[in-house]
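Student: Residue numbers (the working numbering), protein chains in the order written: chain Y, 1 to 68; chain W, 1 to 68; chain V, 1 to 68; chain A, 1 to 68; chain R, 1 to 68; chain S, 1 to 68; chain L, 1 to 474.
Just so you know, these hints were derived from the structure itself, not from any lab. It cannot be assumed that every hint is accurate.
Derived DEER-like restraints, expressed as beta-carbon distance ranges [unchecked claim]:
(1) R/Ala58 - L/Ser448: 55 to 61 Å
(2) L/Glu386 - R/Ala58: 53 to 59 Å
(3) L/Ser444 - R/Lys5: 48 to 54 Å
(4) L/Ala378 - R/Lys5: 34 to 40 Å
(5) L/Lys368 - Y/Ser28: 54 to 60 Å
(6) L/Asp453 - R/Glu16: 33 to 39 Å
(7) L/Lys431 - R/Ala58: 29 to 35 Å
(8) L/Asp453 - A/Glu23: 37 to 43 Å
(9) S/Ala13 - L/Lys177: 38 to 44 Å
(10) L/Asp297 - S/Glu23: 20 to 26 Å
(11) R/Ala58 - A/Glu23: 48 to 54 Å
All C-beta atoms, glycine included, are put in the ideal place defined by N, C-alpha and C.
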Amino acid sequence: MSKEKLNYESAVAELEQIVKDIEYGEISVDDLSEKIKRSAVLIKFCKQKLKSTEEDVAEILKDMSEDK
Amino acid sequence: MSKEKLNYESAVAELEQIVKDIEYGEISVDDLSEKIKRSAVLIKFCKQKLKSTEEDVAEILKDMSEDK
Amino acid sequence: MSKEKLNYESAVAELEQIVKDIEYGEISVDDLSEKIKRSAVLIKFCKQKLKSTEEDVAEILKDMSEDK
Amino acid sequence: MSKEKLNYESAVAELEQIVKDIEYGEISVDDLSEKIKRSAVLIKFCKQKLKSTEEDVAEILKDMSEDK
Amino acid sequence: MSKEKLNYESAVAELEQIVKDIEYGEISVDDLSEKIKRSAVLIKFCKQKLKSTEEDVAEILKDMSEDK
Amino acid sequence: MSKEKLNYESAVAELEQIVKDIEYGEISVDDLSEKIKRSAVLIKFCKQKLKSTEEDVAEILKDMSEDK
Amino acid sequence: MRTKLVSLFFQNMSEIPSKYYTLSKVAASLQSVIRREYSQYYWIKAEISRLNFYPKSGHCYPDLVEKDHAKVLAQMRAIIWSRDYFRINADFVKKTGRALDDGMEILFKAKLEYSPTHGFSLMIVDVSAEFVLGKMALDKKLTLERLKTEGLYYRNKEVKFPVLPQRIAIISVDTSKGFHDFINIIDNNTRGYKFFWMLFPALLQGDGAVQSIIQQLQQIKSVQHHFDMVAIIRGGGGDVGLSCYDHYDLSSEVANFPIPVISGIGHSTNETLVEMVAHYNPITPTDLAYFLQQKFDNLAVGIEEIQQAILAYSKDSLLEKNNQLSDFSRIINSETLSIMEYQANRLSRFGHIVQHSSLLLLEKQRSKLDLFIYNMRANSSRLILEGPQKVVSLENRLKQSVVSLVHKNEKDIKHFEEKIQLMKPENLLKKGYSLTLFAGKPISSTNSLKEGDILQTQLFEGKIESKITKIRKK
């Protein structure tokens, strides 16, 4: 699966769908591995995104503090 | 019987049918062995499927935890 | 009598007929020995069939337990 | 008279006929000895037949029980 | 008259004829004696026949009993 | 982003909107970095604005004389 | 007015009267009449058109006037001697907040005096501060009502105060202490805020102040885009000369001003109209400076708060997102495990059912086979037992029937034997029966006999021969 099209919102939406599907037993065991692998990709992507955003925030705020 | 066509859902469905047939005595002794052997194949297949899925899940969740 | 053609169902059916015939005295003393011998063959066959099936069951369940 | 052709059913039937014939006086004194000799043969045959059948049956049933 | 040709049935029949003849007086005195002589022969034959038959039966039945 | 159009009031308004958006989760993670970068620009601008002014007396005097 | 008088003087120059008095004579006459007729002190109401205070001597020579609108009804000079003036003015200032000044209508106690050299004058010995006070209050009240009626009162207040009140048009004078206090504070604030200000000098008190300030306001208006606000700053002037700020023209100009006007006039008495209609009135220039500084402080704090809020909310948001992801992980983990467990149990259950049911099925079949065996054994035995009975019964029947057959025949034979025994001729003859023979043959009818035939009769013992004597036919 290519990452190019991923963005956080759509990744989270997809994750929510997967979680819902798993929660409501809408996923067959046959598909489960695939879905879980996909979840892992999505969660990893999201975490990276959060981390980079967090870094951005820290960086910016550091800059701002120095500007004082 | 070749495994290629098997998937968990169909295997479980087949198992349910066999279990029902055996449970309600709808099966002749002549077919019983065959059915039991078939059950064993199906159960084994399903267990392997579950096990591999479980491993996948564990792997993924391990990855996810490490990503934190 | 060759065993090739025997199966449990037909063996049981034949046995039932013999038992019925003996019960209702539909059998001559001349045939009795023969019929009883035949019954013995059939019962032996059936018991073997049951036993082998039972062994199959045991085998399968052993497999299942080990797979856990 | 050769025994080969004898069977229990026909032997009993023949005996019954002889007894009936004698009872209804349908038999001349001239033939009586002969008939009685025949009856003796038949009775002997029947008894032997019954005895052997009984033994056969007992033996077989014993075997069947032991097969358990 | 030679004995060889005699049998119980014909002897009894002849006896019956003689008795009948005598009773209805159709017989000459000359013949009468003859007839009476003949009767004696016949009766003797019959008695002997009966006796031997009785002995035969006894013998056979004795044998049968022993066979038991 | 060019500074020409910025003024303190619109900058603050924009900042307040961003704060509100972030507070109420109206901003996707995808946009968050961008928004935070923008905030940094705006905050920097505002802080600088408090400590600097570009007004020029000569300019005003010139304007006044032109108006007359 | 002076110009008019001068022109009249030149018009009348050509006519020279024959009789005339010397000026001193006229003046002496006037002086005596006035001394006689106006010996008392009177309370008089008039307007001071000019106060004419001479600081060196300390005397005042006010020009008094009474007008009906623009028309002068009367005018007169007055004198307030130095000693009176200081007393009067001090009291006046104390009570009204303003010094005696040009254009002021006053009620004063005076004595009419005439001096040949100086002419008429009213020697003022007292001025009623209360009168002026009442007059001022009335004027102020009327002006206030007018401003309200005209919808001006709140107009400047309604002008949006700039978020960043950084550029200030200052109406003041360079010499004002208030002004210096103000710029000193804003220019030298410790936080490094930068204000831009420009001084628009104006009179700050007295009647001239109204026009002067209005003029500067108009100047400012022409370049209003350069400014965020106007500050009217006065200071150190005490409470004197503030009545200009109750003036309608100035008040309405301020009220109507397109950008906020802040007043820092600095006094301790009642708020003036200008201050009332001004956007904000911190009263003293220092307060105004601190007000602005406070505004900047607030802005700085606001920005700081925004910064903190962005930081905090971003962190919250990111934390929340992180938690959401953790939740996802956790749910996926737990749900998957429960699916696994459920499926594993299901498989186990299948296994057990297969086992249990199969064994049950096999057991049932086994019982069935056992039942077969049982039935076979029972029924075979019955069958086998029935056989001998039948055979034995046949055997018995055979025995009996043979015996009875032999007996019957023996009986038959005996019967024959007996019958034949009875029929032996010797036995008949013995009983008396005899046998009649003819020609050696037994006869039983008369048919072949004739009389005279010789018949032989056989008796049991012996024979007889006899002749037939008579034949009787049947």
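Student: Could you run down the list of hints and mark each one as holding or not?
Tutor: Structure-based check of all given hints:
1. R/Ala58 - L/Ser448: 55 to 61 Å: Given range 55 to 61 Å: holds, Cβ gap about 57 Å.
2. L/Glu386 - R/Ala58: 53 to 59 Å: violated, 29 Å
3. L/Ser444 - R/Lys5: 48 to 54 Å: violated, 34 Å
4. L/Ala378 - R/Lys5: 34 to 40 Å: violated, 59 Å
5. L/Lys368 - Y/Ser28: 54 to 60 Å: Violated, at about 41 Å.
6. L/Asp453 - R/Glu16: 33 to 39 Å: holds, 37 Å
7. L/Lys431 - R/Ala58: 29 to 35 Å: violated, 42 Å
8. L/Asp453 - A/Glu23: 37 to 43 Å: Given a distance of about 60 Å, which is not inside 37 to 43 Å, the answer is violated.
9. S/Ala13 - L/Lys177: 38 to 44 Å: holds, 39 Å
10. L/Asp297 - S/Glu23: 20 to 26 Å: Given about 24 Å between the Cβ atoms, the range holds.
11. R/Ala58 - A/Glu23: 48 to 54 Å: The hinted range 48 to 54 Å is violated for R/Ala58 and A/Glu23, with Cβ atoms some 19 Å apart.
When the structure is compared with the earlier hints, violations turn up for hints 2, 3, 4, 5, 7, 8 and 11 and for no others.
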